[in-house]
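Engineer: Can you build the whole structure from these sequences, using the hints too?
Given next are the chains, with one letter for each unit.
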Amino acid sequence: MKNLYITGVAGCGKTAIALGIALKLKREGINVTYFKPVGSRPRLQGFEDNDAMLMHEILDMKVDVKMVAPFTAGTSYLSGLKNQELALTSIKESYQAISGEADLIIIDAATFPHVGASFGLDVVNLAPLLDAHILNVVKLENDLSVDQAIFFNSNCAARGLKLIGHIFNNVPRQVLAKTEGVFKPVLEKMGCATLGIIPMRPEIASPTVSEYYEVLGGELLAGEEKLGRLVEEVIVGAMTMESALKYMRRSANKAVIMGGDRADMALATLETSTSALILTGGLYPDVKVISRAAEKGVPLILVHYDTYTTIEKISEVSRRIRPGDVTGINIAVENIEQHCDWRLILKSLKEE
Amino acid sequence: MDFIAEAADDPNTKVILCYIEDVSHGPEFLKIVPEVTKKKPVVILKSGTSQGGAMAASSHTGALAGSNLAYDTAFKKCGVLRVSSMSELLNLAIAFANQPVPKGDRVAVVTNSGGPGIIATDEAELNGLQMARFTKETIEELRSYLPAEAGIYNPVDVLGDAKTDRFRFALEKVFKDENVDSVALLVCPVAVTEPVETAQALIEFSRAYPEKTVIAAYMGGQALAEGTKLLTDNGIPCFSMPETAITAIAGMSAYRKMRERADAREKVDDFKPDQKTVKAVFYDVSRDNRLALLGNEASDVVEAYGIAVAPTALSQSPDEAAEIAEKIGYPVVLKIASPKILHKTDVGGVIAGLQTPEEVKNAYVNIMETVHRYLPNVVPYGIEIQKMVPKGIELIVGMTRDVQFGPLIGFGLGGIFVNLIKDVSFRLANGLTSADITEMISETKAYMLLKGYRGERPVDIAAVSEVIRRVAILARDFPEITEIDINPVFAYEKGVAALDVKITLS
Chain A
1 MKNLYITGVA GCGKTAIALG IALKLKREGI NVTYFKPVGS RPRLQGFEDN
51 DAMLMHEILD MKVDVKMVAP FTAGTSYLSG LKNQELALTS IKESYQAISG
101 EADLIIIDAA TFPHVGASFG LDVVNLAPLL DAHILNVVKL ENDLSVDQAI
151 FFNSNCAARG LKLIGHIFNN VPRQVLAKTE GVFKPVLEKM GCATLGIIPM
201 RPEIASPTVS EYYEVLGGEL LAGEEKLGRL VEEVIVGAMT MESALKYMRR
251 SANKAVIMGG DRADMALATL ETSTSALILT GGLYPDVKVI SRAAEKGVPL
301 ILVHYDTYTT IEKISEVSRR IRPGDVTGIN IAVENIEQHC DWRLILKSLK
351 EE
Chain B
1 MDFIAEAADD PNTKVILCYI EDVSHGPEFL KIVPEVTKKK PVVILKSGTS
51 QGGAMAASSH TGALAGSNLA YDTAFKKCGV LRVSSMSELL NLAIAFANQP
101 VPKGDRVAVV TNSGGPGIIA TDEAELNGLQ MARFTKETIE ELRSYLPAEA
151 GIYNPVDVLG DAKTDRFRFA LEKVFKDENV DSVALLVCPV AVTEPVETAQ
201 ALIEFSRAYP EKTVIAAYMG GQALAEGTKL LTDNGIPCFS MPETAITAIA
251 GMSAYRKMRE RADAREKVDD FKPDQKTVKA VFYDVSRDNR LALLGNEASD
301 VVEAYGIAVA PTALSQSPDE AAEIAEKIGY PVVLKIASPK ILHKTDVGGV
351 IAGLQTPEEV KNAYVNIMET VHRYLPNVVP YGIEIQKMVP KGIELIVGMT
401 RDVQFGPLIG FGLGGIFVNL IKDVSFRLAN GLTSADITEM ISETKAYMLL
451 KGYRGERPVD IAAVSEVIRR VAILARDFPE ITEIDINPVF AYEKGVAALD
501 VKITLS
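Order-wise, the sequence lines are chains A and B.
Quick note on numbering: the working numbering labels position 308 of the first sequence as 308, and the sequence is numbered without any gaps.
Quick note on numbering: the working numbering labels position 406 of the second sequence as 406, and the sequence is numbered without any gaps.
In case anyone wonders, no lab produced these hints; they're calculated from the structure.
Ideal placement from N, C-alpha and C gives every residue a C-beta, glycine not left out.
No false leads were mixed into what you were given.
Derived list of chain B stretches under chain A, where covered just means 3 residues or more per stretch with a C-beta under 8 angstroms from a C-beta of chain A: (1) 289 to 300; (2) 367 to 379.
The calculated label-pair distances, taken between Cβ atoms and stated as ranges, are: (3) A/Thr309 - B/Met1: 44 to 50 angstroms; (4) A/Pro185 - B/Lys276: 35 to 41 angstroms; (5) B/Ser506 - A/Lys178: 28 to 34 angstroms; (6) A/Asp147 - B/Val378: 17 to 23 angstroms; (7) A/Val326 - B/Pro479: 31 to 37 angstroms; (8) B/Met86 - A/Thr327: 54 to 60 angstroms; (9) A/Glu214 - B/Val378: 25 to 31 angstroms; (10) B/Lys276 - A/Glu316: 45 to 51 angstroms; (11) B/Phe417 - A/Thr240: 16 to 22 angstroms.
Structural biologist: Here it is as C-alpha cells:
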C-alpha cells in the first residue's frame, strides 16, 4: 500500500490533480482511495469538506464521508474548541478505516502546506506519519512561484521526506514556453523533478454562471437554461458608457455587474460577449433589458445588495468540479494522461 | 421598407415622409432607399430609441459616433433628408409636393421689410444655400425703377410703402435673372400692402418660370390670410416666417445635391489583399478565446491590407527582444502585450527611446515587473517591440460596426486629444467611393494641417486616403471585426506609418 500526498498553495488545483490521478490509476487497475486529513469548512451548505464529498462520490467510497475528512482547520481553529490529541487520534483512526484494501491512498492536503502546523498537522509533519510520498502542485503566478516550489522542496529534503516532484498546473498558454524553457531547467538544476506542465483550460479553470448564482442568490430574471456558461472575467460597469464599452468589447465570456437602473449600459453590454449580467441594488431593470437578455440567452441575475457587497461576495466564487460535471472530470483525467508523466509518478511511489 | 418601395412607384406620390424609431433591417434599407431617392425625395423624422444597444458598436472613434451618427451617415449615403421636427417634416412635404427641386443653391429674396430679408440671408447661409448674385442688367434695372433707398442687391428690399407694382417689377427682374435658382417672397403687412394682388403677381411669374422654385412667407396672420390662401391654392407654399421658407428651399436643395452625388459616384474595388495572413491571425486569437488582438497581430492584419506600419513584433524573453530590436533597427519602443491592458502607459508598460540590446533587455524585465506590481493577476503575452519612426501629423483612422448599418469609417485628427477635439468625420464603409473619402478628409480640421498649415509642407493626402479605403475594405471583408482603431497614424510628406493599431473581434 502506497500513500501519495498532494499539496500546493490555495487555488493551485490540487483537487483536480488528485481526481485526475485517482481516476487514471483506477483505470490502470489500481485500487485507489482518497483521504483528506485536514479539511476546510465549506462556505455554503453543510459541514462536510467539499472535496471530500466529491471524491467520496466519484470513487464510490464505502466509508462515511466524515471519515474521509476527519478534521477541519477553520480560520479560528486555535480558539480552544479543537483538541490536538483528539485531532491526531481521529486522523489516525479514519486513515485506518479508509486504507483497508486500497493499493494507493491519495492524500489531499489542506489549502496551504502549512495549515495545521500548530497541531503538527501540516504536510511536513503528517507526511512521515502517514508514510507518504509528496507531490507538489505549483500555481504559476510569476518567477517567485518557482522559488516557492524550490524552497518547499529543500525543506522536505532537509526533513528527509520523499518529494517525488512538481506539477505546474493551469499554466496560461502565453507562459507555456517559459515554463518549459526557463522554469523546468531551473527546478532541475536545484534538484527538483518536473512531473507535468498542464496548460490552462477555461472549461475547468473558470467558474460557471451557476456558481456565481449560488454565491449571490437573488432572482434569475432570464437565461435559466444558460447557467452553465463559463465566466472568464468580471467587469464592474460603474463607469460612463464610453469607458465601460471599451472594456466590454475587449473581454470575452464575462460577467458584468451594474446597477439595475442602468438600462443603457445593460443593453450595450448584451451586444458584447457576455456570460451573465448581474444587476445590483434590487432595482428591476427595464423590460427591454429582460427581453434582450432572454433573446441572447444571457442569464440575468438581480441581487438585492449594492454593487460593493456584490463584488465582495463574488471574490468567494471559484470553480469546483462537481460529481455530475462530466466535462470537468474528463478534462482532469486528460490532463494527467496527456500532460503529466503518470508512469513516473507510479514508479516513484514504488521507490523507498 | 415595403411601403417606401411601393410609394416610390406610385405615380401620385411626389414625396415620401417617414416617421421612424429605428431601422431594424439596415442592409435592406441601404439597398432599397438609395434607389427610391433617385426617383423621389424621402424625408425622415427619426426619434431616438435604443441608444444603449446601438452604442455597443462604439469605441474610440465610435464613442464619438453612437447610433445617431450612424443614422446620419446612412441617411446621407442613401440620399435621405433627415429632419428633426414634425413641422420641418410637413413643411418639406408641402414644398416637394408643389414646387420643382431647385436647379442650384442660388436663392433670391424679395421683401418689403429689411429685417426679414436679413434673417432670411442668415438662414440661407446657415443651411448651405447661396444668396444669388444678380447679373449687371438686373441690378441696373432694379436701380432704375425702385426708389433710391431700396435694396437692389440680394435681398431685394422694395420698402415698406411698396404696392403690388413695385413687387411685380422686382419679381419680374429676379425671375428673369439666370443666376437665380429659387425665389423667396417675404411680405410684411403694412397699410399699403396688397396681399392678394402681390400673390397674384407671384403666381404669374411662377407659371412663367416653372423651373424655378418659389416659396413665400406672409408674416401677417389674419391680415394676410386671403393672400396666403391664394398662394397655397395655386401651388406656392406659403409659410408665416422667413426661416421656414428658407429651410424648405434648403431641404429641397440638399436633396438635389445628394442625388447629383449619387449619380456621380461609382465604387472602387480593385485591390487584392492578403487575406490569408488575416485569417491566420484571427485563428490564433479565437484559439486563445480572446476578442482583442495584440498590437503586433493588429499590425500584421492592417499590413496585410497594404497599410504601412511601424515594424512591430512580439518577444517572450529579453534575449528575443534584443534580437528583434537588432533586426528592425534602433531606436525601439517596448510595450507590454496583453489584451487585458487598455492603457499601457498607466501601468508602466511602455518604455521608449531604447538604443542598445542591453537597454532593451533591461527594459523588458523592468516592464514585466512594474506591470506585475500594478496588475498581479494579468499574465502578459510578452512584450511588443516597435521601431520608433519620425513624428508626422498625427491622424486617426477607425472603424466601428453599427448594429443597423454595418461598418462606419472614421477619420480625423489623432493623438491623445481625439476625444477632446472630436475632429472626426464618418462614412459608411459599404459603397465607400474615392469621392466620399476626399470629402470626409476635407470635412475635418485635420485637412488644414494636411495641406500644410502655416508654412509646413503638405503631406501625402493620397496615402492617407488609401489608408481609409483599405480599412473600409478590411472591415467589409471581415464581418467578425467589430472595431479598428489606428491612432496615431503618422502622415509624412511621402507616405504614412500606422503606429498603434487596435482591432477587436466579435
